[in-house]
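For the protein sequence lines, the chains are A and B, in the order given.
According to the numbering used here, the first sequence is numbered sequentially starting from 1.
According to the numbering used here, the second sequence is numbered sequentially starting from 116.
Worth flagging that the hints you see were computed from the coordinates, not collected in a lab.
Backbone N, C-alpha and C fix where the C-beta goes; we use that ideal spot for every residue, glycine too.
Warning: the hint list may mix true and false statements.
[What the hints assert, rightly or not] In silico lysine-lysine, DSS-like type, Cα no more than 30 Å apart, as pairs:
no., chain 1, residue 1, chain 2, residue 2
1, A, K49, B, K186
2, B, K133, B, K168
3, B, K170, B, K118
4, B, K170, A, K49
5, B, K133, A, K77
6, A, K58, B, K118
7, B, K172, A, K49
8, A, K49, B, K118
9, B, K217, A, K49
10, B, K185, B, K128
11, A, K49, A, K22
12, B, K186, B, K118
13, A, K22, B, K217
14, B, K168, B, K185
15, A, K58, B, K168
[To be verified] Here are some chain B residues the structure puts well away from chain A; computed CB gaps all over 10 Å:
no., residue
16, K128
17, N146
18, I175
19, S197
[To be verified] Computed spacing ranges between beta-carbons, pair by pair:
no., chain 1, residue 1, chain 2, residue 2, range
20, B, D166, A, S28, 20 to 30 Å
21, A, P40, B, S123, 33 to 43 Å
22, A, A1, B, F135, 28 to 38 Å
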Amino acid sequence: AQSVAQPEDQVNVAEGNPLTVKCTYSVSGNPYLFWYVQYPNRGLQFLLKYITGDNLVKGSYGFEAEFNKSQTSFHLKKPSALVSDSALYFCAVRDTPDSSYKLIFGSGTRLLVRP
Amino acid sequence: DVKVTQSSRYLVKRTGEKVFLECVQDMDHENMFWYRQDPGLGLRLIYFSYDVKMKEKGDIPEGYSVSREKKERFSLILESASTNQTSMYLCASVTGGADYEKLFFGSGTQLSVL
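The following block holds chain B by itself, in its conformation from the complex:
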């Protein structure tokens, strides 16, 4: 089975801190995504990447950046954390083959910014 691993399940940070959320997948998927999940709002796409060193903005990229130096790893960076970035962050990956809509998700990182 595909495994998408997010480095932290819970994270508490202070406003203004630089925060790194790490995601690793083990199935050689080309495409990786970062979503945030908020009650009543569902999942909103922050950034995605369809290849190493490639990135594209999603619907809510402000305040975030990403890095994809290796195919298996996709990092989300909060340049200066703010309280409105308190949320559940979900990483996902998908192949470019026949099941290209079948996203595989990590278990999520619950980030609290105080």
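Chain A extracted, bound-state conformation:
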């Protein structure tokens, strides 16, 4: 079965520093990977996705993610963190090629950016 793992419950970073939120995946076949963000008292918002092509995917709010097939990872990155980036981040993978609309989510990583 497809799955994603987010090994860190929380990531702390100072404003202006680069940030990385980790995600590893386990899939059969080609992975379809996603990042979503949840701000306080809000639903989840789509950030970016990897389907095929370049290993570095750019998304909303200056975020990018690097797909690494050999390490089965899809880490979320940003060169310079903002306090407003503080939120809950979820990695997700498409369930199976036949169930295009089902996403399997990780457990989430809370990002805290301190001023």
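For chain A, the structure is supplied; the task is to place chain B on it using the hints.
Just chain B, lined up with the frame of chain A:
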């Protein structure tokens, strides 16, 4: 912008009550989903629907049912609420077109079962 509206932000119910959570989307999306969100567990899929009157079980359907009589509305029903169903419930919808993985989520309903 797509809007997914969940009828209640907070809900408090008693064990054994029948509970209805309503979700409405305004972008004519074919596919709709109900997830529950629990700390440390992420989002888990309860049910989804890819068309009117169609439904499929997700990963944790026990104790829940759904109804989709109209394309824009997807209801989650807790037949007899129990304390272990205290959770944040998130509704989502997505089109069947090119951005079919870009789910749009509602703001969530925090349900407490006492």
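### Query
Keeping to a limit of 30 Å between CA atoms, is the pair of K22 (chain A) and K217 (chain B) held or broken?
21 Å, holds
### Query
Are the Cα atoms of K186 (chain B) and K118 (chain B) separated by 30 Å or less?
14 Å, holds
### Message
Tell me if the straight-line CA distance from K133 (chain B) to K77 (chain A) falls inside 30 Å.
### Response
Between K133 (chain B) and K77 (chain A) the Cα gap is close to 44 Å, so the pair fails against 30 Å, i.e. violated.
### Query
CA of K58 (chain A) to CA of K168 (chain B), is that 30 Å or under?
Violated, at about 37 Å.
### Query
Given the proposed pairing of K133 (chain B) with K168 (chain B), does the C-alpha separation stay at or below 30 Å?
21 Å, holds
### Task
Quickly compare the C-alpha distance for K168 (chain B) and K185 (chain B) to 30 Å and report which way the hint goes.
Given pair K168 (chain B), K185 (chain B) holds - Cα atoms ~8 Å apart, limit 30 Å.
### Assessment of proposed distance window 20 to 30 Å (beta carbons of D166 (chain B), S28 (chain A))
Since D166 (chain B) and S28 (chain A) have Cβ atoms about 27 Å apart, the given range 20 to 30 Å holds.
### Query
For the pair supplied as a hint, K49 (chain A) and K186 (chain B), is the alpha-carbon distance within the 30 Å limit?
27 Å, holds
### Query
Can the restraint linking K58 (chain A) and K118 (chain B) be considered satisfied, given a maximum Cα separation of 30 Å?
24 Å, holds
### Query
Are the Cα positions of K172 (chain B) and K49 (chain A) separated by 30 Å at most?
Between K172 (chain B) and K49 (chain A) the Cα gap is close to 25 Å, so the pair holds against 30 Å.
### Query
Keeping to a limit of 30 Å between CA atoms, is the pair of K170 (chain B) and K118 (chain B) held or broken?
22 Å, holds
### Message
For a C-alpha distance cap of 30 Å, please report whether K217 (chain B) and K49 (chain A) respect it.
### Response
9 Å, holds
In the structure shown, a violation is registered for the earlier hints numbered 5, 15, 17 and 21, in ascending order.
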